[in-house]
Every structure is written in C-alpha cells, then in structure tokens.
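Asks: Both chains are sitting in their own frames, so use the hints and assemble them into the complex.
The listed protein sequences derive, respectively, from chains A and B.
Position 10 of the first sequence, counting from 1, maps to 10 under the numbering used here, and the rest follow consecutively.
Position 40 of the second sequence, counting from 1, maps to 40 under the numbering used here, and the rest follow consecutively.
Bear in mind the hints are in silico, worked out from the structure with no lab data behind them.
Fair warning: this is a prediction, and the values are worked out from it, not measured in the lab.
The reader is advised that the hints may include incorrect statements.
What the hints assert, rightly or not - Mimicking DSBU-like on lysine-lysine, the simulated pairs with C-alpha atoms at most 30 Å apart in a straight line are:
#1 A:K38 <-> A:K71
#2 A:K38 <-> B:K57
#3 A:K5 <-> A:K56
#4 B:K13 <-> A:K38
#5 A:K109 <-> A:K71
#6 A:K68 <-> A:K38
#7 A:K5 <-> B:K13
#8 A:K109 <-> A:K37
#9 A:K68 <-> A:K109
#10 A:K54 <-> B:K57
#11 A:K38 <-> A:K56
#12 B:K13 <-> A:K68
#13 A:K71 <-> A:K56
#14 A:K71 <-> A:K5
#15 A:K109 <-> A:K38
#16 A:K71 <-> A:K37
#17 A:K71 <-> A:K54
#18 A:K109 <-> A:K56
#19 B:K57 <-> A:K71
#20 B:K57 <-> A:K37
#21 A:K54 <-> A:K109
Unchecked claim - What the simulated footprint calls covered on chain B by chain A, stretch by stretch (three residues with Cβ under 8 Å from a Cβ of chain A suffice, anywhere in the stretch; the number is not a length):
#22 50 to 56
#23 85 to 94
#24 97 to 107
Heads up, the beta-carbon is just placed ideally off N, CA and C, and yes, glycines get one too.
Chain by chain, the residues:
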Amino acid sequence: DQQVKQNSPSLSVQEGRISILNCDYTNSMFDYFLWYKKYPAEGPTFLISISSIKDKNEDGRFTVFLNKSAKHLSLHIVPSQPGDSAVYFCAASRSGTYKYIFGTGTRLKVLA
Amino acid sequence: KAGVTQTPRYLIKTRGQQVTLSCSPISGHRSVSWYQQTPGQGLQFLFEYFSETQRNKGNFPGRFSGRQFSNSRSEMNVSTLELGDSALYLCASSLVWDSQIEAFFGQGTRLTVV
Numbered sequence: 001d002q003q004v005k006q007n008s009p010s011l012s013v014q015e016g017r018i019s020i021l022n023c024d025y026t027n028s029m030f031d032y033f034l035w036y037k038k039y040p041a042e043g044p045t046f047l048i049s050i051s052s053i054k055d056k057n058e059d060g061r062f063t064v065f066l067n068k069s070a071k072h073l074s075l076h077i078v079p080s081q082p083g084d085s086a087v088y089f090c091a092a093s094r095s096g097t098y099k100y101i102f103g104t105g106t107r108l109k110v111l112a
Numbered sequence: 001k002a003g004v005t006q007t008p009r010y011l012i013k014t015r016g017q018q019v020t021l022s023c024s025p026i027s028g029h030r031s032v033s034w035y036q037q038t039p040g041q042g043l044q045f046l047f048e049y050f051s052e053t054q055r056n057k058g059n060f061p062g063r064f065s066g067r068q069f070s071n072s073r074s075e076m077n078v079s080t081l082e083l084g085d086s087a088l089y090l091c092a093s094s095l096v097w098d099s100q101i102e103a104f105f106g107q108g109t110r111l112t113v114v
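The following block holds chain B by itself, in its conformation from the complex (with noise of 0.2 Å):
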C-alpha cells in the first residue's frame, strides 16, 4: 500500500511568486490536512480537507489557500511569496476506526523563498 505522496520535495521561489504544492494521500483515506513546519514556529496546522470540503483553518494569511479534488489528492498554493514562507510543508492523511486513529505524513515539500 503506497504512502503518503508529496511533490515536489523541493522547491525554491523568488518573493512575489507563487507556489503550488501537492499532496496524494494513501489509498482510501479521504481526509488531508497540511502543516507547516519551521524553527520557530514549530509544526502548525495549516488546513484540514474530508472529501472536497475544507473543514477547518488554521491561523495562515489569506494568501495560503488549498483545495481538494474528487480523488482526494489535495494541493495547496501559497501567493505573494515572503522569505518567512520558507518552510517545510506537510501533509497527513488520517483515518479513524474502531475508536483508534492513524495519521500518516509525507516526507514534505522544502520550500525555499530567496
């Protein structure tokens, strides 16, 4: 069973651009959620998608935006790029069973603002 895919694994963008990441999860499971993680901030919960609905937000700037499509692949995209973007991003992909709960990540996608 393939795990959690995220492309690209690396990425690196002048200010002021944009960026597009994706994110398949495992096969099955319909929720993705995105996290960001940087030095000093930690891991940070981004969004959370369950079959093509965002559920939840996190405290991101509207230009942090995603979506998820029919297949459950997800992307998120991020507009205007600023250096503190740089970050690794995260996805996970979760399922929920019998009262026990998996969550898996990607390896995450290294975006590099310069």
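So that you can see chain A by itself, here it is in the shape it has in the complex (with noise of 0.2 Å):
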C-alpha cells in the first residue's frame, strides 16, 4: 500500500521557469510533509516542509502548498536553475513520530 504518491517519474522545465512538482497521500493522519532534494549515492537534502495545519510555506525559491481535502502538495521552484537538476521525494509523518513515508521521487531536469 503506497500512502504516499509521486506520478510523474520525471518532469523537465526550462532554466527561469517554474517547476511544479506533485505528490499525493492516502493517510489523513499525516501531520507533517516534507520535500527533498537527492543526488545519486547521497543522502537526501532538506528543502522545505509544512505542517497539516497550514496551506502554504515559503522558502526562498521554493513553496509548498497542501490542500488537504484532496490530499495533495505541490513543490514549486521559481525560478528554476540548472543545478536544481536531482531527484526530489515528498515524505509524510505523523505526530509524535519521526517514521518518515516516502513517494517514488520526480526526476526533475532543468534545461539551460
């Protein structure tokens, strides 16, 4: 049972543009989602998270939002650089706990 949900494997956008990338997840006791960035045979950097009670955080280029009626949160990227080039998984937790539960990863290229 896959509770947390990456569609698209891959996705490429032009340098300067926004990237959007969607994750979805069965669980409504999921607290917590947080996204990261990864290289191969790296572990996985933090970039940002948003905790169930809000829709919306910001960070730099990067902004999540989560609409939990539909289950849903998106990553953007404005504007998109070449070096934003990776993989990037969303995760979910619940309170009180620190077990994180992964999507399959987007593959983001990001063109010059």
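Replies: Structure (structure tokens):
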C-alpha cells in the first residue's frame, strides 16, 4: 500500500521557468510533509516542510502548497536553475513520530 | 553546527557476515530514524529511535536491529547478510518546534554484499 505517491517519474523545465512537483497521499493522519532533493549515492537534502495546520510555506525559491481536502501537496521552484536538476522526494509523517513515508520520487531536469 | 554523520561511508561484506553502521545526529536532536534505499524499492523505513527507545520498526526481517545510546548516537546491525541487503543506508535526525519539522539526513553508508 503506497501511502505517498509521486505520479510523475520525470519532469523537464526550461531554466528560469517554474517547476511544479506533485505528491498525493492517502493517510489523513499525516501531520507533516517534507520535500527533499537527492543526488545518486548521497543522502537527501532537506528543502522545505509544511505542517497540516498550514496550506502554504515559503523559503526562498521554494514554496510548498498543501491541499488537505484533496490529500495533495506540491512543491514550486521559481525560478528554476540548472543546479536544481535532481530527484525530488516528498515524505510524510504523523505527529509524535519521526517515521517518514516517502514517495517514489520525480526526476527534475532543468534545461539551460 | 555539525550535520548528521554516518560511518563508514562504504562497506563491502560477504554473504553470511554481519555489519554495524553508525549514525550521529545533529547536536541536541534526540531522534534518529533509519532508511534503506534500493533502486527497486525506493526509500524504505527501518527503525525510529527517540531518547534510547525504539518507537517504530519497519517491515524488515529480524536480522535488522538497532539501538540508540544516551548521547543519541545510533547503530544499526544487519546479521547474516544476504545479497539483497546491498543498498544505501541512511539515517535522519529530526526536530519539531513551533509546528515546524526539520529532518536532516546523513550522507549514507553504501553497503555492498558479495
């Protein structure tokens, strides 16, 4: 049972444009959602997170939107840069635990 | 502030052997969770420790075990290694404050079983 899903395995975007990465979840008990950027053979790099009491959180070029009724979140990267090219994972957890359930990842390629 | 430190970075072991991996969380973080990443299965949860107590365990066989020490450092052990245990093992150090969460990962230990 895949509780966290990233349905787009890959995404290509032109440099300077917006990248939108999507994530869906099935468990309404999740309270926290996180986004990571990952390169092969390295640990994931934490980008941004959001609590279920919010619907938006911003940090620099990264904004995460949460739609609880649709059980959907998205990561917006504006403007996209070639250095953003990597695999992006969303993850979810419940309050009182640091057990993260990860999606399968979306490979982002930013074209110069 | 130092990040999450995992040692060793690389390991090659033979089938049937056992291995111990170490994770030192960010100073002040009392939580460590462990994950296995393989090409076919993605990032799978192994264990979660908080203040020396295992709070959750993933769906892995009993050959996988772990512990956390009073200084929050954690170790995981895999006994009777199988070829399928070859993977990148990652640990995360987490903190929740003011309704925000941060979880930082180490660089991982690449285990190859031959």
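Asks: All hints, please: hold or fail.
Replies: Verification of the supplied hints:
1. Note on K38 (chain A) and K71 (chain A): the hinted pairing holds, with a Cα-Cα distance of about 24 Å set against a maximum of 30 Å.
2. Taking the CA atoms of K38 (chain A) and K57 (chain B), the gap is near 24 Å; set against the 30 Å cutoff, the hint holds.
3. At most 30 Å may separate the alpha-carbon atoms for a hinted pair to count; K5 (chain A) and K56 (chain A) meet this at roughly 20 Å.
4. For the hint pairing K13 (chain B) with K38 (chain A), the CA-to-CA distance comes to about 26 Å; that is within 30 Å, so the pair holds.
5. A threshold of 30 Å between alpha carbons decides the hint, and for K109 (chain A) with K71 (chain A) the separation of about 26 Å falls inside it, so the pair holds.
6. Our distance criterion of 30 Å between C-alpha atoms is met by K68 (chain A) and K38 (chain A), whose separation comes to about 26 Å.
7. Pair hint K5 (chain A) plus K13 (chain B) does not hold up; C-alpha atoms about 33 Å apart against a cutoff of 30 Å.
8. For the given pair, K109 (chain A) sits about 12 Å from K37 (chain A) by alpha-carbon distance, which is consistent with the 30 Å threshold.
9. The suggested pairing of K68 (chain A) with K109 (chain A) holds, with an alpha-carbon distance near 28 Å, which does not exceed 30 Å.
10. Distance hint between K54 (chain A) and K57 (chain B) is fulfilled; the C-alpha atoms sit about 29 Å from each other, no more than 30 Å.
11. Pair hint K38 (chain A) plus K56 (chain A) holds up; C-alpha atoms about 23 Å apart against a cutoff of 30 Å.
12. Simply put, K13 (chain B) and K68 (chain A) have alpha-carbon atoms about 45 Å apart, too far for the 30 Å limit, and the pair is violated.
13. At most 30 Å may separate the alpha-carbon atoms for a hinted pair to count; K71 (chain A) and K56 (chain A) meet this at roughly 14 Å.
14. The hinted pair formed by K71 (chain A) and K5 (chain A) meets the criterion: a straight-line CA distance of about 11 Å does not exceed 30 Å.
15. This hinted pair checks out: K109 (chain A) and K38 (chain A) have alpha carbons roughly 13 Å apart, not beyond 30 Å.
16. The suggested pairing of K71 (chain A) with K37 (chain A) holds, with an alpha-carbon distance near 21 Å, which does not exceed 30 Å.
17. For the hint linking K71 (chain A) to K54 (chain A), the alpha-carbon distance of about 13 Å falls within 30 Å, and the restraint holds.
18. Proximity of K109 (chain A) to K56 (chain A) is assessed by CA-CA distance (about 24 Å); at most 30 Å being required, the pair is judged to hold.
19. Between K57 (chain B) and K71 (chain A) the CA atoms are separated by roughly 25 Å; this keeps the pair inside 30 Å, and the hint holds.
20. With a CA separation close to 25 Å, the supplied pair K57 (chain B) and K37 (chain A) stays within the 30 Å bound.
21. With a C-alpha separation of about 29 Å, the suggested pair K54 (chain A) and K109 (chain A) falls inside the 30 Å cut-off, and the hint holds.
22. Given as covered by chain A, the region 50 to 56 of chain B passes the check, having 3 residues with a CB less than 8 Å from a CB of that chain where 3 are the minimum.
23. Remark: the region 85 to 94 of chain B is confirmed as covered by chain A, as 4 of its residues place a Cβ nearer than 8 Å to a Cβ of that chain, reaching the required three.
24. Interface restraint, the region 97 to 107 of chain B with chain A: holds (9 residues with C-beta to C-beta distance below 8 Å; minimum three).
Checked against the numbered hints listed earlier, the structure breaks hints 7 and 12; every other hint is satisfied.
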